[in-house]
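If you want the building blocks of each chain, they are given just below.
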Amino acid sequence: AQTVTQSQPEMSVQEAETVTLSCTYDTSESDYYLFWYKQPPSRQMILVIRQEAYKQQNATENRFSVNFQKAAKSFSLKISDSQLGDAAMYFCAYMGGSARQLTFGSGTQLTVLP
Amino acid sequence: DTGVSQNPRHKITKRGQNVTFRCDPISEHNRLYWYRQTLGQGPEFLTYFQNEAQLEKSRLLSDRFSAERPKGSFSTLEIQRTEQGDSAMYLCASSQYGTSNYGYTFGSGTRLTVV
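Top to bottom, those sequences are chains A and B. Position one of the first sequence corresponds to residue 12 (the numbering used here), numbered consecutively onward. Position one of the second sequence corresponds to residue 5 (the numbering used here), numbered consecutively onward.
Possibly wrong hints are sitting among the right ones.
Label pairs and their computed distance ranges (CB to CB) [unchecked claim]:
#, chain 1, residue 1, chain 2, residue 2, range
1, B, Asp67, A, Ala83, 25 to 31 angstroms
2, B, Glu32, A, Ser23, 36 to 42 angstroms
3, B, Gln88, A, Pro52, 39 to 45 angstroms
4, B, His14, A, Gln94, 25 to 31 angstroms
5, B, Ser77, A, Thr31, 40 to 46 angstroms
6, B, Gln100, A, Pro51, 23 to 29 angstroms
7, A, Ser117, B, Gly102, 29 to 35 angstroms
8, B, Thr17, A, Thr122, 16 to 22 angstroms
9, B, Gln100, A, Asp42, 16 to 22 angstroms
10, A, Gln19, B, Ser62, 23 to 29 angstroms
11, B, Gln45, A, Thr122, 15 to 21 angstroms
12, A, Asn69, B, Gln45, 24 to 30 angstroms
13, B, Thr17, A, Arg111, 28 to 34 angstroms
14, B, Val119, A, Gln67, 48 to 54 angstroms
Covered stretches of chain A, as calculated for chain B (at least 3 residues, CB under 8 angstroms) [stated by the list, open to error]:
#, stretch
15, 30 to 40
16, 68 to 81
Simulated from the structure, these hints should not be mistaken for lab results. Computed from a predicted structure; not experimentally measured. C-beta: ideal position from N, C-alpha, C; glycine also.
Construct the complete structure from the given sequences, taking the supplied hints into account.
This is the structure in structure tokens:
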């Protein structure tokens, strides 16, 4: 079974600074997808960024980028120029090639300090 | 399109009672998923439908849980004889077959408290 591990339960960053959230996963599949989701307090989960395992190029979405290390099974999220609105719980998630379900990590609570 | 809608937003029930939640997915999405999220944890997969067919169920979905999607549109999740351990956020998500690997659209969830 696939597992996703987020070893940082909480992180904080100063506004306008950069922060990196860590995620590792375990799988025997070669074809899969990785995601970072953001869950603000009492609000719905929102997709932040997506990475296809067969692509070597790291995904970027505006201030959000990933460092995907397939051999190490590592998938970290970098948030640049942090904003107060970035404060949320961030979940790393894995989807196998059959695209049937997402497996989530336990989350990292990000606090942005003004 | 208003996204994925879940009702009710909150439900408080006494132990032993039955509860039912409803999820209305994005209209063109034919896949619908249910997840459970306990406090401080990531969502855990419960089950998913493609159209009206329930294609996969997690071991977390005990025999007290039943999900339906009778016409391939909205879905209901029923919990019978609720227990305190059922207290959690129940999340619904939807996607379109063929683009599911682009991620799901989640609803805001139904928070269940069993007292």
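To see whether the hints hold, each was checked on the structure:
Distance hint check: the CB atoms of B/Asp67 and A/Ala83 are about 41 angstroms apart, inconsistent with the given range 25 to 31 angstroms. Checked against the hint of 36 to 42 angstroms, the pair B/Glu32 and A/Ser23 passes, with Cβ atoms roughly 40 angstroms apart. Range check, B/Gln88 to A/Pro52: about 24 angstroms between beta-carbon atoms, so the 39 to 45 angstroms window is missed. Between B/His14 and A/Gln94 the beta carbons are some 29 angstroms apart, a value that agrees with the proposed interval 25 to 31 angstroms.
Our hint of 40 to 46 angstroms for B/Ser77 and A/Thr31 holds, since their Cβ atoms are close to 41 angstroms apart. Judged by the Cβ atoms, the range 23 to 29 angstroms given for B/Gln100 and A/Pro51 holds: they are separated by roughly 25 angstroms. Between A/Ser117 and B/Gly102 the C-beta distance comes to about 30 angstroms, which sits within the given range of 29 to 35 angstroms. A hinted range of 16 to 22 angstroms is violated for the C-beta pair B/Thr17 and A/Thr122, which are about 33 angstroms apart.
Roughly 19 angstroms separates the CB atoms of B/Gln100 and A/Asp42, a value that falls within the hinted 16 to 22 angstroms. At about 26 angstroms, the beta-carbon gap between A/Gln19 and B/Ser62 stays in the expected band of 23 to 29 angstroms. Between B/Gln45 and A/Thr122 the Cβ separation comes to about 19 angstroms, which falls inside the hinted range of 15 to 21 angstroms. Look at A/Asn69 against B/Gln45: about 28 angstroms separates their beta carbons, and that is inside 24 to 30 angstroms.
Taken as a hint, the range 28 to 34 angstroms holds for the pair B/Thr17 and A/Arg111, whose Cβ atoms sit roughly 31 angstroms apart. For B/Val119 and A/Gln67, the hinted distance range of 48 to 54 angstroms is satisfied, since their beta carbons lie about 52 angstroms from each other. Check on the stretch 30 to 40 of chain A: 0 of its residues sit with their Cβ under 8 angstroms from a Cβ of chain B, so the three-residue criterion for coverage is violated. Proximity of the stretch 68 to 81 of chain A to chain B, defined as three or more residues with a beta carbon under 8 angstroms from a beta carbon of that chain, is not established by the 0 residues found.
Consistency note: the structure conflicts with the earlier hints numbered 1, 3, 8, 15 and 16.
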